[in-house]
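A.B. asks: Order-wise, the sequence lines are chains V and E. Under this note's numbering, the residues of the first sequence are numbered 1 to 265, in order. Under this note's numbering, the residues of the second sequence are numbered 1 to 243, in order.
Think of the hints as simulated: they come from the structure by calculation, not from any bench. Even for Gly, the Cβ is constructed at its ideal location relative to N, Cα and C. Among the hints, a few may not be true.
Covered by chain E, per the in silico footprint, the following chain V stretches (three or more residues, Cβ under 8 Å) [said to hold, decoys possible]: (1) 103-111; (2) 157-166; (3) 243-252.
Quick list of the computed label-pair ranges, beta carbon to beta carbon [said to hold, decoys possible]: (4) V/G213 with E/D79: 29 to 35 Å; (5) E/A9 with V/G10: 17 to 23 Å; (6) E/D109 with V/D120: 46 to 52 Å; (7) V/L114 with E/D79: 32 to 38 Å.
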Amino acid sequence: MRGWFAALLGVATAAALTFLTLPIVAIFVDTSPARLVDSLGEEGTAEALWLSLRTTVLALAIIVAAGTPVAWLLASRRFPGRALAVTLVELPLVLPPAVAGIALLAALGPEGILGGPLADLGVRLPLTTAAVVTALTFVASPFYVRQAQAAFAAVDPALVDASRTLGASEARTFLRVVVPTAAPGLAAGGALALGRALGEFGATLMFAGSLQGVTQTAPLAIYDRFATDFDAALALSAVLVGVSGGILLAVKLVRGGEVLGHARA
Amino acid sequence: MVAAIATGAAIAAGCGDDDPDALVVSAAASLRGALTECANSEQEPRIRLQFAGSDELAAQIRKGVRPDVYAAANTRLPDQLAREGLLERPATFATNRLVLATPPRGTVDALEDLERAGLRLAIGSEGVPIGDYTREVIARLGARRARRVLANVRSEEPDVKGIVGKLAQGAADAGFVYRTDAGAAGLRALPLPDRLQPEVAYAAAAVTGTDAAEEARAFVAGLRRGRCAGALRSAGFGPPPGR
């Protein structure tokens with residue numbers, strides 16, 4: 001009786017692993033290392049990667065700076081409407097990217113809710129690099145905040161109490177005790193947000209457009225080349241697979257696999 | 001094993017597809033309005049439409065996607081695919097004109113305004129028909145003016161609807177689109193002088209090796225004269241050359 005169930009698990013796992021890895025293997029089978037290097041030298045490819053890197057790191061900095069206090073508040077306080085706040089923070093996680101793009105235009109575009117006030121300030125966001133960063137920040141922030149909130153909630157309350165009893169303020173306790181203790185979780189959340197931001201496509205195209213060196217990030221460059229230069233699209237895809245795989249590996253090293261159980265990314 | 005999963009997905013998706021016998025037509029994004037209208041008529045065969053940039057649809061066909069009909073916003077892509085044996089002989093079925101489109105409350109009133117510093121221009125990316133036509137127009141402005149106009153390009157969109165969307169939302173100040181799109185989206189359209197106007201012709205063909213070759217050929221013929229020709233004319237498309 002035990003035998004058939006184990007066999008079933010084995011078959012299911014083998015099927016799942018093959019199905020999930022075959023498309024990724026195909027990217028590397030379809031392109032040779034030499035062609036890959038060639039394509040990377042092409043005009044616009046390196047530029048797209050560099051733009052992706054810049055905008056992603058900037059978005060991550062904003063997410064960490066703004067998201068860390070939010071995560072601590074949500075993890076350490078009980079207040080009316082907390083469940084709603086948690087849900088709202090997580091909402092972009094389940095929004096289709098196209099919806100995120102439309103929503104950003106409707107809110108921050110020239111015809112949007114804040115379009116008038118922004119225009120008065122001389123700010124016109126769409127079709128700029130800042131719009132890319134805005135889109136990345138919007139879609140990727142829940143990945144960090146969720147993880148940070150879980151990491152903060154897991155900090156032993158006795159540690160916090162001890163720090164407070166010894167006379168440290170909440171701010172000091174937060175910076176000297178809570179953040180260092182939760183650091184692995186925060187790093188994992190940051191890495192997941194980084195991965196999501198790096199792969200962002202739909203919201204960026206709708207809100208920021210696509211212009212080489214300004215708004216055309218690596219995923220947009222892949223789409224742009226799909227019809228005209230499949231090899232270049234493959235090469236760029238291979239690089240993104242490498243970078244994203246590296247991020248995932250880093251997360252696993254930091255958290256020893258625990259993160260994959262938590263994140264529903 | 002992967003093939004089994006993919007087949008399973010195809011079967012599962014097929015169960016939700018209420019119309020597996022419909023004729024699948026891959027058409028340029030700029031044909032959306034006109035073709036949607038005539039596809040909804042009660043005539044047989046039923047038609048399932050998918051729209052994208054002509055170049056993207058061509059790339060899909062080259063990678064093995066098999067719609068029954070391919071309709072592009074130029075003649076170059078269908079001709080190429082026909083030479084590669086992927087399409088039957090293409091037929092030109094409509095013409096169109098390029099216009100300079102702006103948001104309804106836009107500040108662009110003439111071609112000269114495109115050279116204004118800080119203006120935001122959205123155009124089609126290279127390789128997609130609207131992008132190639134647009135580059136033709138801009139090149140005809142002369143090298144100096146062309147440089148200044150191109151310096152104002154803020155987005156290169158994968159298809160016409162990307163440009164129209166950016167204009168409708170006021171994200172861009174101006175863009176080159178087909179006359180038929182500008183009208184349908186409520187944009188302000190400035191006609192181009194004849195000396196700048198490129199020759200915009202649409203061609204379609206049946207895809208080779210599908211199960212519905214007869215119906216596909218009939219649909220293509222109907223684009224020129226018959227089922228969809230009327231819808232194309234009332235959407236503002238011109239008749240094919242030589243008619």
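A.B. asks: Compare the structure with each hint and give your call.
C.D. replies: Verification of the supplied hints:
no.: 1; hint: 103-111; result: holds (count 4)
no.: 2; hint: 157-166; result: violated (count 0)
no.: 3; hint: 243-252; result: violated (count 0)
no.: 4; hint: V/G213 with E/D79: 29 to 35 Å; result: holds, 33 Å
no.: 5; hint: E/A9 with V/G10: 17 to 23 Å; result: holds, 22 Å
no.: 6; hint: E/D109 with V/D120: 46 to 52 Å; result: violated, 24 Å
no.: 7; hint: V/L114 with E/D79: 32 to 38 Å; result: violated, 48 Å
Taken one by one, the earlier hints fail for this structure at numbers 2, 3, 6 and 7, listed in ascending order.
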